[in-house]
Amino acid sequence: MTLALIDYGAGNLHSVANALKAAGATDVAITADPDVVAKADRVVLPGVGSFKACAEGLNAIDGLVQAMEARVLTDKVPFLGICVGMQLLATRGVEHGITQGLGWIPGEVRLLEPADASIKIPHMGWNDVIVAPGAPLVAGGEGYFLHSYHFVPEDEAHVLARTAHGVPVVAAVGRDNIVGAQFHPEKSQKFGLDLLTRFLDWQG
Amino acid sequence: MSVRIRVIPCLDVRDGRVVKGVNFVDLIDAGDPVEQARAYDAAGADELCFLDISASHEGRGTLLDVVRRTAEVCFMPLTVGGGVRSAEDARALLLAGADKVAVNSAAVSRPEVVSDIAEKFGSQCIVASVDARQVEPGRWEIFTHGGRKATGIDALEHAIKLAELGAGELLVTSMDGDGTQNGYDLALTRTIADAVSVPVIASGGVGNLDHLVAGVTQGHASAVLAASIFHFGKHTIAEAHEALRAAGLPARA
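Which chain is which? The protein sequence lines are A and B, in order.
Okay, so the first sequence: first residue is -16 according to my numbering, each after it adds one.
Okay, so the second sequence: first residue is 35 according to my numbering, each after it adds one.
It should be emphasised that the hints constitute simulated quantities derived from the structure, not laboratory data.
Be careful, since some hints might not be right.
Residues from chain B that face chain A, not an exhaustive set, calculated with beta carbons under 7 Å [claimed, not checked]: (1) Asp80; (2) Ala105; (3) Phe109; (4) Pro111; (5) Gly131; (6) Pro233; (7) Ser256.
Just so you know, even glycine gets a beta-carbon here, dropped at the ideal spot from N, CA and C.
With these hints in hand, go ahead and build the complete structure from the sequences.
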């Protein structure tokens, strides 16, 4: 089983690769090559930093988004997006101006704006992951979050898990063979590694 | 549902070896930062901090190797500080596997280094250090060289500036308290935490679990950093979490 871990210059790639290996992955290809993505059995999109920088980095690689769309949307191989990699699933982000996302899960990525000024931004640290009934892959527990923007999906049915940081925060989104986690499984000790192990077994 | 108070053990690393050691049982090589990191990972530390105190260039290369090996076996956020002077230094550490870099003295002489790193890698990966001493009641100044050299810079103004420049969090260390085991400088921590919108990590002076609790309840910190109480086996991470929970604060179970 080949897993394509997308390298588009914006990710915390090696942490995710290390965690996937610890979770049992044997063939992790760190790649930006559309031909490798086109044959992968799993696709993982990491991401840290800003939505805009990540979206631009992804779009700058010729044929990569098309290959991801063919493999994930048409061939339906399991996909996992992490943090900004999850946010990129949205229609658009509003960090540093409006930027188009992949649009695989309709919604918008907006700044976290808790009414209580004593609540610190970024949302940084371990917080609850409360799973929606019937959600695949994601389990309840405590995950490590690190973000200032959050995914606001158009359709509630796409919310797989929630948390809160002064305001309700979507902790995971998904549909069909696609899952995105706002928290960092690669930095969430056993809770995170277990999720990655399930992802490796997941048939979508 | 609320974000947990983070308990962060900090290891001093010099030339690839831990200086202030941990007396965990079962460590084959207690001077190996990777083994200690692994032990803290297993103990449920919320994050880990390496502070590099290598003086030499070779020491830096060794540090990158330590960070790389640590990232392979530790699945919690790792902050690495000490000697980060440029976005290039930050890049090397992040590529090796650090999740965040802490900027110390460079942020005093050239605060723009914070915005350089934030623009390239995002605010989430930059921890700006505020090393301060009290100069009169209610006023603190930034000190460098391990607290020996005054800079004349007001600590509160400096902290606000670092947050504005894009630091994702501030590591506030009382140079008066560091190493004393008398507790954090709560007034300093609170003054800064109340003035900035980013999280503040309290540091310097922890001698017991009550100090950790006070850092949050009275210092308004979002995270508590400590070294010796954990290293010398006085308390475990689980005990720290338990003390926070007993005080009604959110901490990991």
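Going through the hints against the structure:
1. Taken as an interface hint, Asp80/B checks out: its beta carbon lies about 6 Å from the nearest beta carbon of chain A, inside 7 Å.
2. The restraint placing Ala105/B at the interface with chain A holds, with a minimum CB-CB distance near 6 Å, inside the 7 Å limit.
3. The restraint placing Phe109/B at the interface with chain A holds, with a minimum CB-CB distance near 5 Å, inside the 7 Å limit.
4. Given the 7 Å rule on beta carbons, the hint for Pro111/B holds: about 5 Å separates it from the nearest Cβ of chain A.
5. For Gly131/B, the interface hint holds, the least distance from its beta-carbon to any beta-carbon of chain A being 5 Å, beneath 7 Å.
6. Using the Cβ-Cβ criterion of 7 Å, the hint placing Pro233/B at the interface with chain A is satisfied: the shortest such distance is roughly 4 Å.
7. Using the Cβ-Cβ criterion of 7 Å, the hint placing Ser256/B at the interface with chain A is satisfied: the shortest such distance is roughly 5 Å.
Of the numbered hints stated above, none is contradicted by the structure.
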